[in-house]
Every structure is written in C-alpha cells, then in structure tokens.
Amino acid sequence: MTDTAELQRRTAQLLADHPPATTGRLDFLKARFDAGLAWVHYPEGLGGLGAPRSLQAVVDAELEAAGAPDNDPRRIGIGLGMAAPTILKYGTDEQKQRFLRPLWTGEEVWCQLFSEPGAGSDLAALGTRAVREDGGDWIVNGQKVWTSSAHVARWAILIARTDPDVPKHAGITYFLCDMTDPGVEVRPLRQITGEAEFNEVFLTGVRIPDTRRLGEVGAGWRVALTTLNNERVAIGGMRLPREGGMIGPVARTWRERPELRTHDLHQRLLKLWVEAEVARLTGERLRQQLASGQPGPEGAGMKLAFARLNQEISGLEVELRGEEGLLYDDWTMRRPELVDFTGRDAGYRYLRSKGNSIEGGTSEVLLNIVAERVLGLPSEPRTDKDVAWKDLAR
Amino acid sequence: MTDLLYSEEEEALRSAVRDLLTDRLDPAGVIARTESDAPHDVALWKTLTGDMGLAGLLIPEELDGQGATHREAAVVLEELGRAVAPVPYLTSAVVATEALLACGADDLLARLASATTVAALAVGLHTAPGADFPAVRLENGLLSGELTGIADAVAADLLLVPADDGGLYAVDASAVTVTPQVSFDLTRPLATVTLAGAPAGVRLGDAGPAVRRALRAGAGLLASEQLGLAEWALTETVRYLKERKQFNRSVGGFQALKHRLAQLWLEVVNLRAAARAAADALANGEDADLATAVAQAYAAGVAVRAAEEALQLHAGLGMTWEHPVHLCLKRAKADSIAYGTAGAHRAAVAELVDLRAP
Chain E
12 MTDTAELQRR TAQLLADHPP ATTGRLDFLK ARFDAGLAWV HYPEGLGGLG
62 APRSLQAVVD AELEAAGAPD NDPRRIGIGL GMAAPTILKY GTDEQKQRFL
112 RPLWTGEEVW CQLFSEPGAG SDLAALGTRA VREDGGDWIV NGQKVWTSSA
162 HVARWAILIA RTDPDVPKHA GITYFLCDMT DPGVEVRPLR QITGEAEFNE
212 VFLTGVRIPD TRRLGEVGAG WRVALTTLNN ERVAIGGMRL PREGGMIGPV
262 ARTWRERPEL RTHDLHQRLL KLWVEAEVAR LTGERLRQQL ASGQPGPEGA
312 GMKLAFARLN QEISGLEVEL RGEEGLLYDD WTMRRPELVD FTGRDAGYRY
362 LRSKGNSIEG GTSEVLLNIV AERVLGLPSE PRTDKDVAWK DLAR
Chain S
862 MTDLLYSEEE EALRSAVRDL LTDRLDPAGV IARTESDAPH DVALWKTLTG
912 DMGLAGLLIP EELDGQGATH REAAVVLEEL GRAVAPVPYL TSAVVATEAL
962 LACGADDLLA RLASATTVAA LAVGLHTAPG ADFPAVRLEN GLLSGELTGI
1012 ADAVAADLLL VPADDGGLYA VDASAVTVTP QVSFDLTRPL ATVTLAGAPA
1062 GVRLGDAGPA VRRALRAGAG LLASEQLGLA EWALTETVRY LKERKQFNRS
1112 VGGFQALKHR LAQLWLEVVN LRAAARAAAD ALANGEDADL ATAVAQAYAA
1162 GVAVRAAEEA LQLHAGLGMT WEHPVHLCLK RAKADSIAYG TAGAHRAAVA
1212 ELVDLRAP
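Protein sequences appear in the order of chains E and S.
The number in the numbering used here is simply the position in the first sequence, starting from 1, with 11 added.
The number in the numbering used here is simply the position in the second sequence, starting from 1, with 861 added.
You may find that some hints are simply not true.
List time: in silico DSSO-like cross-link candidates among lysine-lysine, alpha-carbon distance up to 27 Å [unchecked claim]: (1) 100/E <-> 282/E; (2) 314/E <-> 401/E; (3) 1191/S <-> 1103/S; (4) 1194/S <-> 282/E; (5) 907/S <-> 1106/S; (6) 1103/S <-> 396/E; (7) 282/E <-> 907/S; (8) 314/E <-> 365/E; (9) 396/E <-> 1106/S; (10) 365/E <-> 401/E; (11) 282/E <-> 396/E; (12) 282/E <-> 314/E.
Here are the simulated distance ranges between beta carbons [what the hints assert, rightly or not]: (13) 274/E <-> 1042/S: 32 to 42 Å; (14) 868/S <-> 104/E: 41 to 51 Å; (15) 387/E <-> 1036/S: 32 to 42 Å; (16) 921/S <-> 252/E: 31 to 41 Å; (17) 992/S <-> 274/E: 18 to 28 Å; (18) 307/E <-> 1176/S: 26 to 36 Å; (19) 369/E <-> 1176/S: 26 to 36 Å; (20) 992/S <-> 376/E: 37 to 47 Å; (21) 1147/S <-> 305/E: 49 to 59 Å.
None of these hints come from the bench; they were simulated from the model.
Beta carbons are placed, not taken as given, at the ideal position from N, Cα and C, and that holds for glycine.
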C-alpha cells in the first residue's frame, strides 16, 4: 500500500538522485516518470505506482518546494487530460510504452482530431473516412476543425468512419495519428480575436498502420467517450484562489480606476463577483468530493457556470472601460501555443470567452446531459438511431 | 481549509431529522395548521428539541447543550427548509441562542438547551446583520414601546429586547402583549410585541454586538434553509414532469423544460457550496462575515426562482391551495427579505472585498 510517507520517501529519493539544480529539465522529468511520480495513480512502469489519485498532491507539493521543473501541464493539456487516460484504458502494452512517457514529459505534444465542419455537437455524425488496405494500413481522408495545438503537435487522437453502412455510433474507429505523416496538412484558423489559436486539419490519403488503432474496429465511439468524459473532468476540476478567474482583472480595474465607476456597473459587478465566488466554492467542493472518493455530478455543471460567468464578466469590463473599451490591443494574427482566457486586454477576453460556451461541448448539449443523466429526464426523440450513417440527412 | 462536504455524523443527523419530518409532517397538515390559531407544530418541536436535543446544538455541553457547531445546525435547517416546517428553530435555536451566547447568559442558555423555553430576538426579521434596529424605552426599570415584525414571537416564552440604554433585556412573554400580524409566510409568522411598562429584569449585555452576532448566524444558516427549499422544489418538479404527460409525451422530455431544470440544478449545486461555506465559516469563526454575505447575496435568488419555477412547471396544479408549492414560494420569498436582502448583503460584500461604490 503506497501511502503519504512512502511517496514522500520516494520523492526525497528522486530529488537526491537527480538534484534539480544540476539536472537538465528533460532528464529530471524522465527520471520522475521512471520513479512512478508522474501520475501516481497510473500503473507501475507507466509513470505511476497504482496509488490513490489524491496522493498526487503530496508529490507535487514536495517537488514544488524543492524547485523541481514541472512538465508545463498547460502546454500539454490535451495529451495529459484526454489522450493519456484513453491510451491507458484502451491501448496495447506497446502503445502505452511508446506514448505515455514522451506525452507526460512534454517531448511530444498531442492534439485532438475529433470535430469536423459538419459534425460538431453531433460528433458521431463525423464523415472523415478510414479505409483498410487489404488487411494492412488504414488510408484516411477528410477534414477536421477547431484543432488546438495542431501546429505544434507531434501526435493526434483521431476518430474516423470505418463503416458507413451501420448507424453512426457503430461505424467509428479510434486511431493515433502521426502529425508528421505525408497527407496531414495543418492550416491556421483565424478567430474573432484575430488570433489563430485553432487549426483546420486536412487529411489526404494519410496512411496509419493498424498498430496505431486504439480499441476494436467499430468501437471508436466507446473509446471516444473516455476521452470526452476526461475532457470535462479536466475542465471542471481546476482549483482557483478567490478572484482567480475572469473576475480578477475586472475587480482590479475597479479598484485602480475609481473614475470609471458608476452605480449601475457597481450593482452588476457585485452580483457577478458573488456568482464567481460561489462558482469557485462549487469547484472547490467538487475537488474535495473527488479527493475523498465520493465524486458528485457537479462537474457536469462547472463548465456551464464558468462559460456564462466569463462572458458576462468580460462583457462588463469592456463597458466599464468606456472610451478605452472602444479600442483593441492588437488585431495582428498570432499563433499562440497556449489557450489563455484571461490574458491580454478586456476586449480580447470578451471575444475569447464567446468560445467558452462552444468548446468542449456547447452549453446546450451540456444542459441536455445534466437534464438526462443527472436529473433523469427523458431523452430527446432520436430519429437517427437505427439509420445507416450513409443514409442520414446531411 | 474550508470543509464543504458533509461528515458521516452530519449525514446521520440529516437522516434522523428527515425520517422524523417524513413521519410527522404532511403538507396538508401544515396547510391546515396555518389557518388555525396555532400555526406552529408544538408536538413536532417537542420531539425535535426534547427527544433529539436539537435546540441545544450550538450550546456548550456544560450548559446541557450538544456542543455541536453551525455545520450540524445547518444540516437540520436544510431538512426543516425542505419540509417548510412550522417550528421556531432558526429563530430560537440559532438567532436567540447566538444572542444569549454573546451575552454569556448561561442560565437562559440551559433553559433553551433543555427546550423548556422558546426564545425570540425582538428585532424585525428583515434586519440585516450590522443594520440599525429599533429599541424600546427604558425608564425606572420598566420597558415601554412597540416592536414589529418579530418572527415566531407567538411561540416564544422569552423575548430578548433591545432597550434605548444600549442593553439587551430578557423579558418574559407573559409581561408583554404579542399580537399576530398577517404574515406573507404563514409558516414563520410575524407578530407585534408591545411592552407597556414591562419589568426589565436583568440586563443580559450590550445589544449591539449580541444582535449583530445573532443576525449574522441567522443570515448564514438561513442559506441552508433556502438550500433545502430549493432542493425540494427542484426534486418535486423533476418528479412531476417525468410523470405528467401532454402531447403524447412526458412533459419532462421537452428540451425547453429540460434546460430550465438543468439550469436550476446548477444553481442549487452552487447554493450548496455557498451554504456549506457559510456554515463552516460560522463554525470556525474564519471569514464568517464574507462567507455569510456571499451566501445571502446568492441564496435568495436561487430559492425564489426554484419555487417560482416549481409553481410554473406544475402549472394549474401549482396555483392551488392544496398543493404545497405555495408554502415553499411564500417561505422562499419571505426568506429573501429575512436577515437582509441580497442587495444588503452585496453592499456588505463591496465593503469586505474593497469593491467600493462610485
């Protein structure tokens, strides 16, 4: 049984064997992975020790105190939050050995080739085709969209249609796609902020060996659900200090710029400050539930709350800035490696937050999920359930 | 660190209270009682306080209390809120008790703990923590004046009365005239308390700090009552909409209604975190002013909306006197004023976190 004391001992040993001051960043991260201290709840040999997930905090605190480098989790969020748990659950031993370590150390960045121009909320309707060549490699053709990090990614998790003659959920297969392969073309997708944080990805005759398939042929939807559920956990489980989110910048502006204050804005600001604090407490409560091993359904709602709050608060700040609110910092197209909701100025925050109710599941879809899975209300009548994908209206 | 979960003991307490309320309190009985001369359920109160000892949760064990904390009292209030129970728990076992704790009135606390006495703080229910409150005249050891909007005064044996010398006095209910007012919330009735030369007796202590502490605890734990109300409204509405058929479908399957209920669920989840934070802060004395103000700035909106949504989605049935949703709505709306409106608490937040008005 791996307990707190044992993890502290192992962490101290890692630090003794690889002093952060004299060890290269990547070498330290590799050593940490090999010591099972990367994600302690993962199996031994794969960066973990099979310990309770809640004990990761023990390791993180010790390493932070020792000034050890971290693996820049924000830069590799898709790999950590989505690809890794899916590979762990459905991958072959070879795949786990090959992918998890460079994923965790950040040597290899991952992106997610799920959404398509014609399949957003109705993700299972996707049309990217993967056709097997005489029982050998798969040949993939199609287009993906909203792909964060595709311009820096080495690997992608990909879902594609392998059987158009069965209903949409049954004909999908899950692959690990090499982004450097011929036929993979990444084009920046410029957004309303002026930035190109996302990409379009065109797949033209991309050859994927069958050893890069994750899960059974035709079982890709079930595999994808693991990815999607982890995506929501990743979005909902963050820990924030008071004023740690979008309310922070506007509260600071309010305090520093008394000349901007009006009574109307004051009332709206206070209402949103309280709601942001309450949402923060809800997130903290969810975290405490997870840590004590009694996960609640609150996670499903957290993203809804943050999306609405981010939009309302950033909208308020543009208004608060008055004359300045008519300006924008810079429309030059940039290609950031990181998603940053609260960076730059108020106008940017306002525009970027519009994506919060779309990315990672639209608010409308999440409300349906809450209504059906949490409250147990009847599902929408489905007219596409028993229809072959090729016969669906498009 | 703030503990926002429920302990096993707290869950056990919840089960005990819920079982009792399920057995002893049916909505038809509550409605009938509101139309009688005795709106409070005295028998239920006796069980809660005598057999279960719940009146003494906040009172130290050496004074015959339970020596528990606001966290446990909050759980009791969630259940009482869910049932819209007509008992003077919040007013006597929380608000009056806190005033007596502030004054160190040990003998009276022992009487409250053993449930031989029900007390009411003679300050209008609408008063926010830190707000001004009326006091009666003190002359030659006698108290004279009229105080209005005193919640649960009709059930009280003992009134805690602020006087114009700045003191708080314990006055026997038999020495004053308590006149019921027609109250919007029938289950937490208000009354006018008239003192015509009532003997002041012992000065318990300074009224200012005692009343502030009492009202803060009342406001903070009211959020748990509001949580219970809102949860009941949501649960009942979901249940009803699954059963109710229209247009050859279960009404709960229509997306417009599903989204409204999902939104409401989200607000209830948020309210739970806010209410737990307030109860925990009151128990530990850390950050209690802000946690209470945040909870009260948020809670009223959710509880009222939950009750209003429940009424609308029960449609014609919700508009009737027989269906208990009106008890819930009346309590939720009255609660939105009790111990300070959301606006008053937002103003408190503005001061506490330095977000000043223009």
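Here's how the hints hold up against the structure:
In summary, the hint linking residue 100/E to residue 282/E is not supported, as the alpha carbons are separated by about 43 Å, beyond the 27 Å threshold. Pair hint residue 314/E plus residue 401/E does not hold up; C-alpha atoms about 34 Å apart against a cutoff of 27 Å. Of the supplied pair hints, the one linking residue 1191/S and residue 1103/S holds, its CA atoms being roughly 25 Å apart against a limit of 27 Å. A hinted pair counts as satisfied when its Cα atoms are at most 27 Å apart, and residue 1194/S with residue 282/E qualifies at roughly 19 Å.
About 42 Å separates the Cα atoms of residue 907/S and residue 1106/S, which puts this hinted pair outside 27 Å; it is violated. The hinted pair formed by residue 1103/S and residue 396/E meets the criterion: a straight-line CA distance of about 23 Å does not exceed 27 Å. Between residue 282/E and residue 907/S the alpha-carbon distance is near 41 Å, which puts this suggested pair outside the 27 Å criterion. Distance restraint check for residue 314/E and residue 365/E: the Cα-Cα separation of roughly 13 Å lies within the 27 Å cut-off, and the hinted pair is therefore satisfied.
Proposed proximity of residue 396/E and residue 1106/S is supported: the alpha carbons are some 24 Å apart, at most 27 Å. Annotation: proposed proximity of residue 365/E to residue 401/E is violated, straight-line Cα distance about 33 Å (limit 27 Å). Between residue 282/E and residue 396/E, the direct Cα distance comes to roughly 44 Å. Violation of the 27 Å bound is thereby established for this hinted pair. Taking the CA atoms of residue 282/E and residue 314/E, the gap is about 19 Å. The hint holds against a cut of 27 Å.
Between residue 274/E and residue 1042/S the C-beta distance comes to about 34 Å, which sits within the given range of 32 to 42 Å. Under the hint 41 to 51 Å, the C-beta atoms of residue 868/S and residue 104/E, about 43 Å apart, fit the expected range. Separated by about 55 Å at the C-beta atoms, residue 387/E and residue 1036/S break the suggested range of 32 to 42 Å. Checked against the hint of 31 to 41 Å, the C-beta distance between residue 921/S and residue 252/E comes to roughly 35 Å, which is consistent with it.
Separated by about 20 Å at the C-beta atoms, residue 992/S and residue 274/E satisfy the suggested range of 18 to 28 Å. As the Cβ distance of residue 307/E to residue 1176/S is approximately 31 Å, the hint placing it in 26 to 36 Å holds. In this structure the hint that residue 369/E and residue 1176/S lie 26 to 36 Å apart at CB holds, the actual value being about 34 Å. Range check, residue 992/S to residue 376/E: Cβ separation about 45 Å, and the 37 to 47 Å hint holds.
Distance hint check for residue 1147/S and residue 305/E: the Cβ-Cβ separation is about 25 Å, which falls outside the suggested range of 49 to 59 Å.
Of the numbered hints given earlier, the model fails hints 1, 2, 5, 7, 10, 11, 15 and 21; all others are met.
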